[in-house]
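Could you put the whole structure together from the sequences, leaning on the hints where they help?
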Amino acid sequence: MLPSAEVVDLSRLQFGATALYHFLFVPLTLGMTWILVIMESVYVMTGKQVYKDMTKFWGKLFGINFAMGVTTGITMEFQFGTNWAYYSHYVGDIFGAPLAIEGMMAFFLESTFVGLFFFGWDKLSKEKHLMVTFLVALGSNLSALWILIANGWMQNPVGAAFNYETMRMEMTNFSALIFNPVAQVKFVHTVAAGYTAASMFVLGISSWYLLKGRDVGFALRSIAVASGFGLASVLSVIVLGDESGYTTGEVQKVKLAAIEAEWHTDPAPAAFTVFGMPNQNEERTDHAVRIPYLLGLIATRSLDEDVTGLIDIKNQNEVRIRNGMQSYSDLQRLKGGDKSEASINAFEKSKDDLGFGLLLKKYTPNVTDATEAQIKQAAKDTIPNVFALFWSFRIMVGMGVLMLFIFAASFYFTAKRSIGKHTWLLRLALYAIPAPWIAAETGWIVAEMGRQPWTISGILPTHLSTSSLTTGNLYFSLAGFIGFYTLLLVAELFLMFKYARLGPSSLHTGRYFFEKYQPTATHAVESTS
Amino acid sequence: MTFFDYTTLKLIWWLFIGVLLIGFAVMDGFDMGVASWLPFLGKTDDERRVIINTIGPTWEGNQTWLVTAGGAIFAAWPLVYAAAFSGLYIALLLVLFALFFRPVGFDYRSKLADPRWRNGWDWALFTGGAVPALVFGVAFGNLFIGLPFHYDESLRSFYTGSFFGLLNPFALLCGAVSLSMLMLHGAIYLQLRTDGAVQKRAQKAALIAGMVCAAAFALAGIWIAYGIDGYLITSTQDTNTALNPLAKTVEKSAGAWLSNYHAYPWMILAPIAGFAGIALSLLNARFKNERSAFLFSSIAIAGIILTAGFSMFPFIVPSSTDPVSSLTIWDAVSSKKTLGIMFIVTVIFLPLIMLYTSWVYRVLRGKITVQSIKDNTHTAY
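Order-wise, the sequence lines are chains P and E. Note that numbering that gives the first Met the number 0 has the first sequence beginning at 0, numbered continuously upward. Note that numbering that gives the first Met the number 0 has the second sequence beginning at 0, numbered continuously upward.
Think of the hints as simulated: they come from the structure by calculation, not from any bench. Because the structure is a prediction, the values reported are computed rather than measured. Zero decoy hints are in this set.
Result set (DSBU-like, lysine-lysine): computed pairs, CA atoms no more than 35 Å apart in a straight line:
hint: 1; chain 1: P; residue 1: K127; chain 2: E; residue 2: K373
hint: 2; chain 1: P; residue 1: K127; chain 2: E; residue 2: K366
hint: 3; chain 1: E; residue 1: K336; chain 2: P; residue 2: K360
hint: 4; chain 1: E; residue 1: K335; chain 2: P; residue 2: K361
hint: 5; chain 1: P; residue 1: K313; chain 2: P; residue 2: K348
hint: 6; chain 1: E; residue 1: K373; chain 2: P; residue 2: K211
hint: 7; chain 1: P; residue 1: K360; chain 2: E; residue 2: K335
hint: 8; chain 1: P; residue 1: K348; chain 2: E; residue 2: K247
hint: 9; chain 1: P; residue 1: K122; chain 2: E; residue 2: K199
hint: 10; chain 1: P; residue 1: K350; chain 2: E; residue 2: K247
hint: 11; chain 1: E; residue 1: K335; chain 2: P; residue 2: K348
hint: 12; chain 1: E; residue 1: K335; chain 2: P; residue 2: K252
hint: 13; chain 1: P; residue 1: K252; chain 2: P; residue 2: K348
hint: 14; chain 1: P; residue 1: K334; chain 2: E; residue 2: K335
hint: 15; chain 1: P; residue 1: K338; chain 2: E; residue 2: K247
hint: 16; chain 1: P; residue 1: K122; chain 2: E; residue 2: K42
hint: 17; chain 1: E; residue 1: K373; chain 2: P; residue 2: K122
hint: 18; chain 1: P; residue 1: K122; chain 2: E; residue 2: K203
hint: 19; chain 1: P; residue 1: K252; chain 2: E; residue 2: K336
hint: 20; chain 1: P; residue 1: K497; chain 2: E; residue 2: K366
hint: 21; chain 1: E; residue 1: K373; chain 2: P; residue 2: K51
hint: 22; chain 1: E; residue 1: K335; chain 2: P; residue 2: K338
hint: 23; chain 1: E; residue 1: K373; chain 2: P; residue 2: K47
hint: 24; chain 1: P; residue 1: K125; chain 2: E; residue 2: K373
hint: 25; chain 1: P; residue 1: K379; chain 2: P; residue 2: K252
hint: 26; chain 1: P; residue 1: K125; chain 2: E; residue 2: K366
hint: 27; chain 1: P; residue 1: K47; chain 2: P; residue 2: K211
hint: 28; chain 1: P; residue 1: K334; chain 2: E; residue 2: K247
hint: 29; chain 1: E; residue 1: K373; chain 2: P; residue 2: K497
hint: 30; chain 1: P; residue 1: K360; chain 2: E; residue 2: K247
hint: 31; chain 1: E; residue 1: K247; chain 2: P; residue 2: K361
hint: 32; chain 1: P; residue 1: K338; chain 2: E; residue 2: K251
hint: 33; chain 1: E; residue 1: K336; chain 2: P; residue 2: K334
hint: 34; chain 1: E; residue 1: K373; chain 2: E; residue 2: K199
Beta-carbon label-pair distances, calculated as ranges:
hint: 35; chain 1: P; residue 1: L123; chain 2: E; residue 2: L218; range: 44 to 50 Å
hint: 36; chain 1: E; residue 1: P114; chain 2: P; residue 2: M276; range: 54 to 60 Å
hint: 37; chain 1: P; residue 1: T45; chain 2: E; residue 2: S371; range: 30 to 36 Å
hint: 38; chain 1: E; residue 1: L218; chain 2: P; residue 2: I343; range: 51 to 57 Å
Glycine included, C-beta positions come from ideal geometry on N, C-alpha and C.
Next up, the structure:
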């Protein structure tokens, strides 16, 4: 008996929600650690106290965020086992390895040294402390590498093959897993997005200090670091965009077509749809505004390669579903005990399409007796929600362009030493603090909703991947997540706002705004420690 | 990996998972133990800050032992990861929810001075320490009894028990073993890292926890010998090949959990280390040899966990309702290739981790006192 549709939907909801929630905290960790490395390096090289104060103050905000990242991160590791047991069985032989390596190579480094970052200031030489900060940054970024190798494999499952004896996928080529082009592109894109988020955070808050006319020197130096690092990062995010990885792998091609609402394969180079209302039922885009050639250029980096349209992909998938039915019956024969050479050969030949056959399990448990209508429906299922992908992608890109403008302008005026006069820019930077988070979250929606109906592209359908749980189990866990996560978010935001408002005076050095200019405010400061 | 055969790699991975679990219990064990004592041994805010700051800078690295053990089980024993984590759903979510409180508890508590805020986080930290310590023991206890689960032909696992079924007397006893064991370890650690009133209270606390632990461990041993059926593989298997769990036959039999001690008498060293570790730890604590006391409480932990591992070997997760579905170190494992690659990774990184972890502890060594908290009131947790 397969898990009910309700269990599958609730499991997806839970995983999606907890992953998006986790990713509210990850980008800042990824980027802030490098910003701390930059600030502390300047301190070590110049010996100027203000750079040490900057490292400590932004480090405090980093810490408030980091705690939430750790809290929500454990959830992710537990959930593969608790909620996606069949997935864990089916691909654990491959997928588990990068997760375990992430623990040994990255998490240990990050978590062992992060305590020393906060508590080692008086116990270590300047250089050694800088090394500690660097190792925290290295650890957090390495963890991104390994989790994205795991995630990249879900999008483009290379280096693995099905073993009918153990009824699962097994690793055949470890270096293919590591050097998966999809994973490499994803890694660069994701960490650069994290650097952008952290830069926007530092830039926005520092701009607010300037607008308030407080801690000017501290804020200007922070802006200098953030605008330079941010400009480089946002350029990397945009230039090294994810879409260059969309030409390999099953679901990657679908994603590309869905992002562009490209229903039919247009002659190369394809046009780019700037605006439109994708209509999944009728397989067309209403009110489309299109720019000739642009999509072909973006997607294939060439003028003569096609971007395959959704309807053609669907038709190709229908063929593979029919092959998959054959493969499924070949597998049944093997499992029934007929392990003759002919049977083994037949399965070896057809097994690449086994996953497509499994799509039919949603409609008929025996797969091989599927009706024409069921086959058509399963083929239709292989196209993800085009409207969601189309618009999520555009929101993400829009945020990227906005940030590019802010960083470029901030960098320019910082270089001209006049940023303090451009209050419109400071205000814009403050209000744009949420922009990188919106971009990151919509980016994940594109990547993971675009992967549907698969958990492992072309291998394992989502509706087969969950644990055999009851809806009661899932309501219990969902209620827990919603309750605890809300509670913790309130505490986190409260502290984050409080400490951002206090600014560097929260370091109690006696050198900063509330300590020097407003004796009445010291009461508020003293009550915290 | 041509220099090890599959059987050897499977054995090595049983050992590695054991090392990771013992590493977790020894390293994060004192964090959980210390947090479990926090509301009881710290009478004032300063004292509680002393207690928190003995583990504050290092608990995060210690928790990584758990995260890595989880990841290693996923990579090396995917069937165990799938069947046990989904079967023990409610129990594991309780652990998870309790663990939520640790990162934020440590970092946020000292950021506001309001006593209600701080007291609230103290109990949150207590929960984050005591609940996992208890539940992990209860979960282990249920492994001895067997979990009510079975596989279908596509190796999808189905769990047919309930959460409350896990709370049986034997499992609760195992929960008591693990909670008291980690509270002993935590109290010994506190003695090592504090002075004055907190240290005195910790010494008394260690004595209580140690006696409870020894008694509960002994009782659990007697129970296993006379009160619980063990499991035995009754078919012959070629352990050097990839095995499907359903391809073996298994039967329950009284006293089977002791059969390994008859076949390999040296295994008796594990329970002896458990008892001797507790006794020598308390003895050394009494004579203020805190470092030795800590060494022996660590040995006690290793002994107790190894006792569980040796008794059940080669079983990992027996099935009470369909013994054939039981998972063993021979048939719940990854492919030879994956085990080989992960072997190399572990051999490289585990020693590195131990190396830099000890450096961090060396940098942060020394007593945490009420005075040192007062001197660093703005930077300490």
